[in-house]
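Engineer: Read off the chains here:
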Amino acid sequence: MNTLIKEYIHQEGRLPDMIRNRIKENIYLYALADLDSEKKFSESWVIVTERCLIIATKENIKEVTLCSIEEVKEVHSLSTHSLIFIKNHDCYPLAEINFTSRQKIAMGHISYLVNQMIKGRSIDYLECNSDELYQESVMRPILEAQNSIAKKQSATLVRLLKYLLPYKKSLIWGALGAFLATIVSLAPAYISGLMIDKMIRPFQDGKLEASEAISLAWIALAALISCYVLREVFMWLRLRKMSILGEYVAMDLRKELYSHLQRLSMDFFSKKQTGSIISRVSSDTDRIWDFIAFGVVEVGIAIITLISLSAVLITLDWRLGLVMTLPVPIMLFCIYRHGEHMKNLFLRGWRKWTEVTNVLSDTIPGIQVVKAFNQEEREKKRFNERNDTVTVEFNNIHRSWTKFWPALMLSMHLTIITVWWLAIPRLFSESNSPTHLSAGVFVSFLLYVTMFSTPIEIIGQMARMLNRALSSAHRVFEILDTNPSIDSSKGKSIELNVKGDISFKRVCFSYDGVRKVVDQMSFDIKAGEMIGLVGASGGGKSTLTKLLTRFYDIDSGEILIDGMNLKDLKLGSFRKQVGMVLQDPYLFHGSIFDNISYGMDEVDRRKVVEAAKIANAHEFILRLPHGYDTVVGEKGHTLSGGERQRISIARAVLTDPKILILDEATSAVDTETERKIQDALDKLVEGRTVLAIAHRLSTLRKADRIFVVEKGSIKEKGTHSELLAKENGTYRKLQRMQKEMDEAFVV
Amino acid sequence: MTYSENLFKFNNSGQLQLFHKEEWINIRITRCFPWTKPREFLSFHDEEGLEYLFVGDISELTARDSKMITEYLDRIEFTIKVVGINSIDEDVELRRYDVRTASGDRVFYTNLEDWPEKKGNGKFVIQDLYGDFYEIPELSRLERNERKILSYLVE
Chain A
24 MNTLIKEYIH QEGRLPDMIR NRIKENIYLY ALADLDSEKK FSESWVIVTE
74 RCLIIATKEN IKEVTLCSIE EVKEVHSLST HSLIFIKNHD CYPLAEINFT
124 SRQKIAMGHI SYLVNQMIKG RSIDYLECNS DELYQESVMR PILEAQNSIA
174 KKQSATLVRL LKYLLPYKKS LIWGALGAFL ATIVSLAPAY ISGLMIDKMI
224 RPFQDGKLEA SEAISLAWIA LAALISCYVL REVFMWLRLR KMSILGEYVA
274 MDLRKELYSH LQRLSMDFFS KKQTGSIISR VSSDTDRIWD FIAFGVVEVG
324 IAIITLISLS AVLITLDWRL GLVMTLPVPI MLFCIYRHGE HMKNLFLRGW
374 RKWTEVTNVL SDTIPGIQVV KAFNQEEREK KRFNERNDTV TVEFNNIHRS
424 WTKFWPALML SMHLTIITVW WLAIPRLFSE SNSPTHLSAG VFVSFLLYVT
474 MFSTPIEIIG QMARMLNRAL SSAHRVFEIL DTNPSIDSSK GKSIELNVKG
524 DISFKRVCFS YDGVRKVVDQ MSFDIKAGEM IGLVGASGGG KSTLTKLLTR
574 FYDIDSGEIL IDGMNLKDLK LGSFRKQVGM VLQDPYLFHG SIFDNISYGM
624 DEVDRRKVVE AAKIANAHEF ILRLPHGYDT VVGEKGHTLS GGERQRISIA
674 RAVLTDPKIL ILDEATSAVD TETERKIQDA LDKLVEGRTV LAIAHRLSTL
724 RKADRIFVVE KGSIKEKGTH SELLAKENGT YRKLQRMQKE MDEAFVV
Chain B
17 MTYSENLFKF NNSGQLQLFH KEEWINIRIT RCFPWTKPRE FLSFHDEEGL
67 EYLFVGDISE LTARDSKMIT EYLDRIEFTI KVVGINSIDE DVELRRYDVR
117 TASGDRVFYT NLEDWPEKKG NGKFVIQDLY GDFYEIPELS RLERNERKIL
167 SYLVE
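Each protein sequence line maps, in turn, to chains A and B. Start counting the first sequence at 24; every next residue gets the next number (my numbering). Start counting the second sequence at 17; every next residue gets the next number (my numbering).
Worth flagging that the hints you see were computed from the coordinates, not collected in a lab. Bear in mind that the values here come from a model prediction, so they are computed numbers and not experimental data. Using N, Cα and C, we set each Cβ at its ideal position, and we do this for glycine too. Hints are supplied without guarantee of correctness; some may be wrong.
As the list claims (entries may be wrong) - Okay, the calculated beta carbon distance ranges per label pair:
1. Asp105/B / Ala430/A: 22 to 28 angstroms
2. Arg80/B / Lys403/A: 32 to 38 angstroms
3. Lys403/A / Lys164/B: 42 to 48 angstroms
4. Lys47/A / Val99/B: 52 to 58 angstroms
5. Glu97/A / Ala79/B: 27 to 33 angstroms
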């Protein structure tokens, strides 16, 4: 990683040894301050140790004891950020460091850690390696944008080609077909020359009888026919075997990729964009198919053709052969340069084209606004201006390629003219002259020359094709190389028939390894108890439920289910006994029946209907034209938020979970729908251990106890009345605020 | 509106303060139009976003305040100013800029689908993968070969 950082962003990837050796204490974290006070790029390192904050350059070191810092102030602007370490607002700052956004994540860690330490909070959980943490924070944006940089291109190509191994037989047939088709393609030109030199010329010179000449010519023609037929047979073999082989490789990759995605933990999905993951399974594997089915062979054929053509031409006549082959590298270079130029032109065209589509994506969905403001003429003008510009750019592109290819062909023809020019004196020389060139050899030569342009063109595009395929392969392999952070195959894998007792014992968790989202949290919940979780957004309520369902593993502490460590339980079996009703339930494309019975192998339809009735969903389902067979989800029937919620409740009822998590299940719906959902939830929660997150405190009226969660810890816990009795309690404050809002609404 | 009295000062810890209703308040400045009207329409507010003062044009302040605020804005609203371009290349999925800036030499990366945007002042601005802004001068202020390198991305 250190080398990558140096190569990519031209800075040190780790704290230099020169500085490190001068620090005697254990280094917790460090980051690079890459701007000086004059906003010039510079290199000074900010280091946090047990006792001090150290600001070090290669020349000097400044130490600030942590106990002298009262506050760390972060100032952010467009491209510069500062951390100001303040002792007292009436004094000059103890230290001020400036840095660009490149260092922002690492500096964020420093700021957080120093704040924790000066507040005397425990940082026992901080077991991460400071080098790794710094390097990961600095390289993350580049690694996320380009996954290929950590690997060698050749290694990726070899790995990709290994996917061909199961299809060795097809590969051998395909490659053989390609090779033979190329070799056979060379024969007709030779046979044509032979016909002239050995049949036509001797006959015209009276050295060969007409009957003998004709019978020889028929044999030559038969050979020509055989060559063409064989060539097409070999081509068929190649195309068929390789395209099917490519399809199998893509299928294997898709299968492996999709099953690996199912194994990956939630942290992977939270870091990657959905579109990016989908495109790896779809378009990237498609590109790889294209490369294997056509690219590998096309390039192979082009190289074989070019080498064998050059060899044949030089063998036939080395002087003319050299005239033809020597310009080839120059032509390849010209094609490469033209490709680069076209790439820039296409980039400009693409930019302009984006501007056209931007107008469309702006105005078509917003057509009502356009019309309401009577802006049709303005939008027409805007579109036409951009349309005109893009046409100019595309015409530039056409002007460029239409100039280049005829010019290239002209240079090719000039080479042929040169060949003619050199050949004419030799063609008309005495046949016994050492430089004499026979007509047949020359005709063969000319026919071979016509075969030159295609392989040159293909080789010219080879780099682009290879880059695209390798880029896709990198993206696919990146997922395959990601290990799930939660490996359910490790540990004891105990199958537990869950009763519902939950214990959190000094649980700590952070998403990024530094900032604690759950901080030393401890509580016990008895089976069948309903717990309400309240508090401001970002306090850690949802994280708590994600830890309970083991979407993430905790950093320290223990989570016990019925007295057993959650990590020792068989994950799949445990999750089947936990139900979740989320704020925005997700329905898959399929019938309502499929959605309610999702995750169950065989289900009695009667039970599905029963579950829907309990969830207050039965009535609205029957109002739909196709009842339980109504297709919902993407491109299906659109259901309202409340309806989707009730289907997800029915899903939870059907699975009969021992532990139930309700995460804002009644928010974002109207009062009438909320009443129906609440009624359904009241039936659902009976006899289960429930953790219910809610902002509207009225929805927690049935909760046995309420936990007020703030900044990763439980600030208050108790029954509704106990919490209300606390004079300056947060719950009491929240309750009062909601009451005031409700009263204001009524007024 | 013009102000006849000085309203601002820095405290010892370098915090900008505004004199408001007989007391000094820690203040932040947000520019309404940071690219097109950087010295006009300034909002002076506290950390919570509560606005204490709105100035239509910095010249409405006293000469001292105007100078102080201009310097302050220059300091806090810093962008990396490109003065020359060595190369712009495409890597897999990324575009690599090797540039000379007023702060020193710098190599930065953008996504392939990102390119410099023209701002109201004729300059171009591009944001790299980390979120840093790079201000590129008008084409006419670049060398011929630099213009050629950049032209595909901005013209």
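Engineer: State for each hint whether it applies.
Structural biologist: We went through each hint and held it up to the structure:
1. Asp105/B / Ala430/A: 22 to 28 angstroms: Given about 27 angstroms between the Cβ atoms, the range holds.
2. Arg80/B / Lys403/A: 32 to 38 angstroms: 52 angstroms Cβ-Cβ, so the 32 to 38 angstroms window is violated.
3. Lys403/A / Lys164/B: 42 to 48 angstroms: 35 angstroms, violated
4. Lys47/A / Val99/B: 52 to 58 angstroms: Taking Cβ atoms as reference, lysine 47/A and valine 99/B lie about 42 angstroms apart, which means the hint is violated.
5. Glu97/A / Ala79/B: 27 to 33 angstroms: Holds - the Cβ-Cβ distance for glutamate 97/A and alanine 79/B, about 32 angstroms, lies within 27 to 33 angstroms.
Figure legend: structure checked against the earlier numbered hints; hints not met, in rising order: 2, 3 and 4.
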